[in-house]
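Enquirer: Single-letter residue listing:
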Amino acid sequence: MLVVEKNALSEEIESYVEKYGNDRSALLMILHEIQKKHRHISEFAQQEVARLLNIHPVEVYSVISFFAFLNTNPKGRNLVRICQTISCDMKGKKQVVEAIERELGIKIGETTKDNKFTVEYANCLGLCDMGPAMAINDQVFVNLTPEKAVELLAKVK
Amino acid sequence: MEDKKSLRAPVSQKPHVIPKPEHPEYLGGSITVEINEKKLTVPFGTTILEACKQAQIHIPTLCHHEDLCVAGVCRVCVVEVEGMRTLQASCAFPITAPIKIKTTSNAVRKARKHIIDLLISEHYGECYSCFRNNNCELQSLAKEYGVDHYNFGHVTQPRYEVDNSSYSVVRDMDKCVLCKRCVRTCIDLQEVGVLEAIDRGHNTHIGTFLEKPLAEVICINCGQCINRCPTGALRANDPRDEIWAAIDDPTKHVIIQTAPSPRAAIGEEFGQGPGKSFTGELNTALRRIGFDKVFDTNFAADLTIIEEGTELILRLYKDLVKKEKVALPQFTSCSPGWVKYLEHFYPEYIDHLSSAKSPQQMFGALIKTFYAQKAGIDPANIVSVALMPCSAKKFECNRPEMNSSGYKDVDYGLTTRELAQMIKEAGIFLPEMPQSHFDDPFGEASGAGLIFGATGGVMEAALRSVIEFVTGKRVEDVYANADITPVRGFEGIRYAEIPITEVGPVPKLLQHLIPDWNWLKGATLKIAVAHGTANAKKVMEDIKAGGKFSECHFIEFMACPGGCLGGGGQPIPTNEEIRKKRAEAIYNEDKSLPVRKSHENRHVTELYEMFLTDGPCGHISHKLLHTHYVKRGKYIA
Numbered sequence: 001m002l003v004v005e006k007n008a009l010s011e012e013i014e015s016y017v018e019k020y021g022n023d024r025s026a027l028l029m030i031l032h033e034i035q036k037k038h039r040h041i042s043e044f045a046q047q048e049v050a051r052l053l054n055i056h057p058v059e060v061y062s063v064i065s066f067f068a069f070l071n072t073n074p075k076g077r078n079l080v081r082i083c084q085t086i087s088c089d090m091k092g093k094k095q096v097v098e099a100i101e102r103e104l105g106i107k108i109g110e111t112t113k114d115n116k117f118t119v120e121y122a123n124c125l126g127l128c129d130m131g132p133a134m135a136i137n138d139q140v141f142v143n144l145t146p147e148k149a150v151e152l153l154a155k156v157k
Numbered sequence: 001m002e003d004k005k006s007l008r009a010p011v012s013q014k015p016h017v018i019p020k021p022e023h024p025e026y027l028g029g030s031i032t033v034e035i036n037e038k039k040l041t042v043p044f045g046t047t048i049l050e051a052c053k054q055a056q057i058h059i060p061t062l063c064h065h066e067d068l069c070v071a072g073v074c075r076v077c078v079v080e081v082e083g084m085r086t087l088q089a090s091c092a093f094p095i096t097a098p099i100k101i102k103t104t105s106n107a108v109r110k111a112r113k114h115i116i117d118l119l120i121s122e123h124y125g126e127c128y129s130c131f132r133n134n135n136c137e138l139q140s141l142a143k144e145y146g147v148d149h150y151n152f153g154h155v156t157q158p159r160y161e162v163d164n165s166s167y168s169v170v171r172d173m174d175k176c177v178l179c180k181r182c183v184r185t186c187i188d189l190q191e192v193g194v195l196e197a198i199d200r201g202h203n204t205h206i207g208t209f210l211e212k213p214l215a216e217v218i219c220i221n222c223g224q225c226i227n228r229c230p231t232g233a234l235r236a237n238d239p240r241d242e243i244w245a246a247i248d249d250p251t252k253h254v255i256i257q258t259a260p261s262p263r264a265a266i267g268e269e270f271g272q273g274p275g276k277s278f279t280g281e282l283n284t285a286l287r288r289i290g291f292d293k294v295f296d297t298n299f300a301a302d303l304t305i306i307e308e309g310t311e312l313i314l315r316l317y318k319d320l321v322k323k324e325k326v327a328l329p330q331f332t333s334c335s336p337g338w339v340k341y342l343e344h345f346y347p348e349y350i351d352h353l354s355s356a357k358s359p360q361q362m363f364g365a366l367i368k369t370f371y372a373q374k375a376g377i378d379p380a381n382i383v384s385v386a387l388m389p390c391s392a393k394k395f396e397c398n399r400p401e402m403n404s405s406g407y408k409d410v411d412y413g414l415t416t417r418e419l420a421q422m423i424k425e426a427g428i429f430l431p432e433m434p435q436s437h438f439d440d441p442f443g444e445a446s447g448a449g450l451i452f453g454a455t456g457g458v459m460e461a462a463l464r465s466v467i468e469f470v471t472g473k474r475v476e477d478v479y480a481n482a483d484i485t486p487v488r489g490f491e492g493i494r495y496a497e498i499p500i501t502e503v504g505p506v507p508k509l510l511q512h513l514i515p516d517w518n519w520l521k522g523a524t525l526k527i528a529v530a531h532g533t534a535n536a537k538k539v540m541e542d543i544k545a546g547g548k549f550s551e552c553h554f555i556e557f558m559a560c561p562g563g564c565l566g567g568g569g570q571p572i573p574t575n576e577e578i579r580k581k582r583a584e585a586i587y588n589e590d591k592s593l594p595v596r597k598s599h600e601n602r603h604v605t606e607l608y609e610m611f612l613t614d615g616p617c618g619h620i621s622h623k624l625l626h627t628h629y630v631k632r633g634k635y636i637a
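Keeping their order, the protein sequence lines are chains A and B. Residue 20 in the numbering used here is what sits at position 20 of the first sequence, and the numbering runs on without skipping anything. Residue 210 in the numbering used here is what sits at position 210 of the second sequence, and the numbering runs on without skipping anything.
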């Protein structure tokens, strides 16, 4: 990481700390902001957050490791999350997953070479009556079929 | 650990700690509870566990530790409280009402058994291939509850890689039962913050920042986590095999130096109660094991006092007389855990550290130069072992700069626990050994060197010498029995002021450095003592803010609570009561010694006459007995 990038990131995190306060209870909000902007929370960012909130880096990492929506490694530009819980499973999640894997040429948990997509499983999206369900970035799609899923992916930039 | 401010959790999640009443006899100060149908009156806010202890009812515990804050995670200590739907963890239940408690009901027994079975189902390893065999809290719980088969299965394959990257601490997470004592030790007790629970949920494990190996994160190697681990998940990096190999090799001259704290604690490993020193017995045992020479680290401690004391006097002289800018207060550098803590967390203050090496490293450098010369042994054939109460000493002797003799000054750091194991392997029962003395040419050490083992000891030892150097009076005339009590005790941070009302002649040893003491007349020496890095942090923050500690002249820091006697290499368990007894043993031994001041140690004066001819802080001593430090910083690359 370049020094300039580091400084920019530090300044960014400082602005979050100003916004949410430097109490340790502000940690999650700050992490969300970083995740939203950078799609991951880098090693350096974690340590900066720890420094500014006066906690230990490992505590920041501990929190990140608990939440599935926070991650430490960079992911693709678009995040595809497929619901893996039982009702979606019974409605044909497996076929949808296979179609997506075939279409993008990657396995669940991987990122495409052009960095466009990362596909992963999510635990219940809360749409059990309309499964199989899938979320692309912040938007949720329901009643999927393999064809529909592939179509949806094609529309994503 | 009842101070709420010191706890990590946000205010809303802080555990329900009830402040103790001012006096149990005040209105509402006490409460009468019924434990197993027997009435007992306890102060308001006492936990059920403490109350049961008073009533002499044994309750099994695992995650509970006297030094640490309440966690209530293991649930082994559950009891039945009448009117409550579920069983309650007695360690985390403060009594605030006249409740009825049952500790032996069927529900309690069954639940405890199941909890222990569940803990064991996640614990990999066989007891007989574990260094904690017979000293494991999980094992004794299993025995207590008669576990004879694995009710909920057992892990049959290792799931984690053993992390032995560190010179000091080895982590084997397969044996971890997630009691989080190490986490609470690292974050709350020591405020170093290396370990936390990662991937909370059914994949929870204890890990470091981004799962990096321990050597790459900011671990200070204090080993306090080892002392608190109930199982064998944490242990010190064990050099026993290499040492045995050196002993068996006839071409090697194997030397051991023994620090004061292990002697006061090693008896515990042989079933003796804490608080008894086995110095003489240990010497015999070490010779029978096969060490060629047994030296006393206290000799080097005496030397440290002369070097570090001279350095302090020189810094004061530069500051007060020459008006040069020097780093004051001066910090002690005997505790390698503390040194690494400072290097990581306050790198801007490393100039304040005394450049004098720790006694272990001073001795190491002398053994491979002065002693090798005198005894006519090639230093390449000397294997120098240091018996220490400390896991950080293993790191210290592996520091790349510690080779001023031209060789690795100290080859192996050995902890009290590991030596006890070696003694057992040699078929020796330590308490029955005849007593013997240390070997010459370093055979005699002073009581000042001995008390290095207790918190405040380095300060007291330094003061005994400095007071005599400066005032020309005997310490006994200033403090009864030369016991400088203001710096003793177990309070986390202690502060004392010593007015210098009169001055005497400059002793011969220092005459080449300063002409007279008149510049110190009427001055007040301000000193402080801190033990445990959490307390050290408080002092450092105060210095940063320009508070009262920034005006101190000399501050003793020890990384471990209680000083070396509570070190990470000491017998397990270690708690406050045991630490106090070990301190008592050390101070009693000090009282019984004929020489109790470092500068009166005749070997030290001889050494300055024969070898370190340009005196304390001179050229030779700088080469051999002083070192430099690294600004490490907090960033984990």
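A couple of the hints might just be wrong.
In silico lysine-lysine, BS3-like type, Cα no more than 27 Å apart, as pairs [stated by the list, open to error]: (1) B/Lys634 - B/Lys212; (2) B/Lys538 - B/Lys634; (3) B/Lys631 - B/Lys544; (4) B/Lys538 - B/Lys521; (5) A/Lys6 - B/Lys113; (6) B/Lys212 - A/Lys37; (7) B/Lys212 - A/Lys75; (8) A/Lys36 - B/Lys212; (9) A/Lys19 - B/Lys212.
If you're looking for bench data, these hints aren't it; they were derived computationally from the structure. Just so we're clear, the structure is a prediction, and the values are computed from it rather than from any experiment.
Enquirer: For every hint, state whether the structure bears it out.
Expert: Right, here's what the structure says about each hint:
With a CA separation close to 15 Å, the supplied pair B/Lys634 and B/Lys212 stays within the 27 Å bound. Using a Cα cut-off of 27 Å, the hinted pair B/Lys538 and B/Lys634 holds, with the two alpha carbons roughly 17 Å apart. The hinted pair formed by B/Lys631 and B/Lys544 meets the criterion: a straight-line CA distance of about 17 Å does not exceed 27 Å. Between B/Lys538 and B/Lys521 the alpha-carbon distance is near 31 Å, which puts this suggested pair outside the 27 Å criterion.
Between A/Lys6 and B/Lys113, the direct Cα distance comes to roughly 53 Å. Violation of the 27 Å bound is thereby established for this hinted pair. Distance hint between B/Lys212 and A/Lys37 is fulfilled; the C-alpha atoms sit about 26 Å from each other, no more than 27 Å. Distance check on the hinted pair: B/Lys212 and A/Lys75 sit about 21 Å apart at the alpha-carbon level, within 27 Å; holds. Of the supplied pair hints, the one linking A/Lys36 and B/Lys212 holds, its CA atoms being roughly 26 Å apart against a limit of 27 Å.
Only pairs whose Cα atoms come within 27 Å are accepted, and A/Lys19 paired with B/Lys212 is rejected, the gap being roughly 31 Å.
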